[in-house]
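Enquirer: What follows is each chain in one-letter form.
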Amino acid sequence: KNQVEQSPQSLIILEGKNCTLQCNYTVSPFSNLRWYKQDTGRGPVSLTIMTFSENTKSNGRYTATLDADTKQSSLHITASQLSDSASYICVVWLTGGFKTIFGAGTRLFVKA
Amino acid sequence: GAVVSQHPSWVICKSGTSVKIECRSLDFQATTMFWYRQFPKKSLMLMATSNEGSKATYEQGVEKDKFLINHASLTLSTLTVTSAHPEDSSFYICSAEQLAGETQYFGPGTRLLVL
Chain W
1 KNQVEQSPQS LIILEGKNCT LQCNYTVSPF SNLRWYKQDT GRGPVSLTIM
51 TFSENTKSNG RYTATLDADT KQSSLHITAS QLSDSASYIC VVWLTGGFKT
101 IFGAGTRLFV KA
Chain Y
113 GAVVSQHPSW VICKSGTSVK IECRSLDFQA TTMFWYRQFP KKSLMLMATS
163 NEGSKATYEQ GVEKDKFLIN HASLTLSTLT VTSAHPEDSS FYICSAEQLA
213 GETQYFGPGT RLLVL
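Residue numbers (my numbering), protein chains in the order written: chain W, 1 to 112; chain Y, 113 to 227.
Careful, some of the hints might be misleading.
[Stated by the list, open to error] With a straight-line cut-off of 30 angstroms between C-alpha atoms, the simulated BS3-like cross-links for lysine-lysine are:
#1 LYS71(W) - LYS153(Y)
#2 LYS154(Y) - LYS111(W)
#3 LYS99(W) - LYS153(Y)
#4 LYS99(W) - LYS71(W)
#5 LYS154(Y) - LYS1(W)
#6 LYS132(Y) - LYS1(W)
[Said to hold, decoys possible] Which chain W residues face chain Y? A few, computed with CB under 10 angstroms, are given here:
#7 ILE13
#8 THR100
#9 PHE102
#10 GLY103
Hints are computed from structural coordinates only; laboratory data are not their basis.
Note that CB positions come from ideal geometry on N, CA and C, so glycine has one too.
Taking the hints into account, I'd like the entire structure generated from these sequences.
Expert: See below:
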């Protein structure tokens, strides 16, 4: 069964601290993995896209990693800011069409 | 970056009425558009995928006669919730993709409340 599981479900950190969000997937055939940031009441915004051959990709303070062997991905946020408070969603795309599997998301709260 | 807009952003309607939501790609031509719904504190659920000029492909469990999708042009797709009921109240989000496998740009969402 194709699944994407994210952990933790929610996370509270202090401003300026780093954090890492996890995404484990059992999806086949794998095409690419995407991380999105979704502010409350807004549409998701793409952070990174990684294909099978890519191990890491950065976008400012966001760094995503992908281990295709263990089917795990992580999103590392450096020097968190209050504006980082949002839901972070891991999405895996399958090949052969537009099929996507969404994770439930991790809700991040950054406190001053 | 590419911009996708949705209109309206908020809609409140009576049970039994139909509601149309527009999704536009403002600065690029979208070969494919996607429609999602999202319940509070839940992740997005894909409802359907549409390509310009062809019929939408609906996900299992999504009623095509209930949620009418028209992808009239490369920059516009509409979702019509027909005979809306309170259980249709949700956050509806569209996204657009210029090329297959490229970045998917999401609209800001439309919050529907059916009374």
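Enquirer: Starting from LYS99(W), check that the Cα of LYS71(W) is at most 30 angstroms away, please.
Expert: holds, 18 angstroms
Enquirer: Let me know if the C-beta of ILE13(W) comes in closer than 10 angstroms to any C-beta of chain Y, holds or violated.
Expert: Interface hint status for ILE13(W): violated (19 angstroms vs cutoff 10 angstroms).
Enquirer: Does the alpha-carbon distance linking LYS71(W) and LYS153(Y) stay inside the 30 angstroms limit?
Expert: holds, 25 angstroms
Enquirer: Using 10 angstroms as the Cβ threshold, decide whether GLY103(W) counts as touching chain Y.
Expert: Interface hint status for GLY103(W): holds (6 angstroms vs cutoff 10 angstroms).
Enquirer: Can you confirm whether the C-alpha distance between LYS154(Y) and LYS111(W) stays at or below 30 angstroms?
Expert: holds, 23 angstroms
Enquirer: If you draw a straight line from the CA of LYS99(W) to the CA of LYS153(Y), is it 30 angstroms or shorter?
Expert: Measuring from Cα to Cα gives roughly 22 angstroms; hence the hint holds.
Enquirer: Are THR100(W) and chain Y close enough, Cβ to Cβ, to be under 10 angstroms, as the hint says?
Expert: holds, 6 angstroms
Enquirer: Given the hinted pair LYS132(Y) and LYS1(W), is their Cα-Cα distance within 30 angstroms?
Expert: This hinted pair is violated, its Cα atoms lying about 35 angstroms apart.
Enquirer: With the threshold set at 30 angstroms, check whether the alpha-carbon distance from LYS154(Y) to LYS1(W) stays at or below it.
Expert: With Cα atoms ~20 angstroms apart, LYS154(Y) and LYS1(W) stay inside 30 angstroms; holds.
Enquirer: At a threshold of 10 angstroms, is the proposed contact between PHE102(W) and chain Y supported by beta-carbon distances?
Expert: Hint on PHE102(W): holds, closest Cβ of chain Y at ~5 angstroms, below 10 angstroms.
Figure legend: structure checked against the earlier numbered hints; hints not met, in rising order: 6 and 7.
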